[in-house]
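Trainee: Sequence:
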Amino acid sequence: MKKSYSLILVGFFIVFSLLIKYPIEKETELDDLVGKIIDFTAIFSALLITFIISKAYQIRQEKNILIQEALPLSNKVTYLRSIAHILITYDFFNTEMKRNIDNRFPNLTIIEYNDTSGKYEEIQNEISNEEGKDSEDYKYYGFRLYMKFKALVSKRVVSRDADRKLTELDKVPKRIHWSEETFLYLDTARDKLYPFFFIDACVVNNVASFGINKTPNRFTLGNIPKEPFDRILTLAVKIDEKFKNRPLTLDLLDEIGNDFESSYLPKLWEKMYEIEKGADRLLITLLNSLLIIVLFGVVIPLIISSIGCNFFLKRAVVYICFLILLILISYFIVELKRMILSVIKPKKNKYIRVH
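If you're matching positions, the sequence shown starts at 1 in this note's numbering and goes up one per residue.
In case anyone wonders, no lab produced these hints; they're calculated from the structure.
Bear in mind the structure is a predicted one, so any value in this text is a computation, not a measurement.
Treat the hints with care, as some may be off.
Mimicking BS3-like on lysine-lysine, the simulated pairs with C-alpha atoms at most 27 Å apart in a straight line are [unchecked claim]: (1) Lys226 x Lys98; (2) Lys242 x Lys267; (3) Lys277 x Lys192; (4) Lys63 x Lys226; (5) Lys214 x Lys226; (6) Lys192 x Lys238; (7) Lys55 x Lys26; (8) Lys244 x Lys277; (9) Lys267 x Lys55; (10) Lys214 x Lys98; (11) Lys226 x Lys238; (12) Lys226 x Lys244; (13) Lys238 x Lys267; (14) Lys226 x Lys242; (15) Lys63 x Lys238; (16) Lys36 x Lys26; (17) Lys277 x Lys63; (18) Lys277 x Lys55; (19) Lys192 x Lys267; (20) Lys214 x Lys192; (21) Lys63 x Lys192; (22) Lys36 x Lys244; (23) Lys277 x Lys267; (24) Lys26 x Lys267; (25) Lys214 x Lys244; (26) Lys277 x Lys214; (27) Lys192 x Lys244.
Based on the provided sequences and hints, a complete structural model is requested.
Mentor: See the structure below:
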């Protein structure tokens with residue numbers, strides 16, 4: 001590839017030297033060159049526009065496929081959030097810990113707790129000093145899992161931009177998420193995509209890594225009434241058929257969390273990253289090239305031909321337009337194979353999971 005660009009550079013200087021050595025001396029010859037530049041630009045632009053439309057259609061089709069692949073995974077997240085909502089609503093957690101956290105830090109989730117900006121440093125230090133205590137009534141008993149569940153059901157998620165702005169799920173476009181949070185817990189809550197920043201926050205903060213079985217005496221399934229208890233089992237089966245006819249135990253909840261941590265969330269992260277990322281680099285390059293070609297191949301030559309300027313100035317401008325078009329055409333000739341392959345054989349996505 002470097003060799004090809006070197007040849008383009010050599011060719012450019014050869015043509016430039018010939019134009020300097022054998023310049024056009026007649027107005028009619030210059031006008032004829034302008035006409036040929038405009039004619040060629042029209043043909044080349046038509047081909048380029050066709051390619052751009054083809055590329056845009058391909059990108060749209062690829063994103064539609066990604067959306068169809070992401071929807072089942074997004075539905076599983078909804079079912080997990082519904083389970084978390086049930087466990088938070090009833091006395092699954094230590095009531096004193098819940099009361100203390102809700103009263104003192106009502107908006108605190110594991111995402112804010114893990115924040116490294118220093119904003120929550122006082123809370124982090126206080127909790128860290130108390131966390132080692134191991135009594136049935138201590139005020140942070142099982143708080144980590146509780147904060148993870150709160151992160152799952154919360155509308156407030158910290159996005160990972162530079163200033164860590166607080167983003168609300170009901171403020172994102174409706175095509176990505178629904179506006180009413182209560183809709184999550186209905187049987188019809190499905191086929192809606194979560195925004196990338198929410199899935200990213202869940203992955204980065206290991207929200208689905210429950211670790212319930214490490215301290216099973218801290219959590220109580222027996223306090224959950226029969227109807228929501230049965231609903232958890234129904235939701236578990238919706239997540240994966242392997243949970244069918246399994247009793248609701250702490251082991252089952254841990255297994256569900258492990259499945260999300262190791263499989264569902266990373267896969268959804270990859271899909272949403274591709275769906276929400278910016279325009280394809282090649283498409284942007286083509287659009288910018290089309291703009292430059294039209295500018296130097298049509299607009300400027302027409303303007304310079306329409307005004308009564310000095311012949312030598314007019315010739316210099318036409319030569320510049322000609323050389324710029326020559327460079328662009330040479331670039332497309334070199335990159336043509338890659339461009340065609342990008343349409344015929346779409347590249348395999350390489351995902352980078354950020355921790």
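Trainee: For each hint given before, does the structure comply? Return the numbers of the non-compliant ones in rising order.
Mentor: Of the numbered hints, 4, 7, 8, 20, 22, 24, 26 do not hold.
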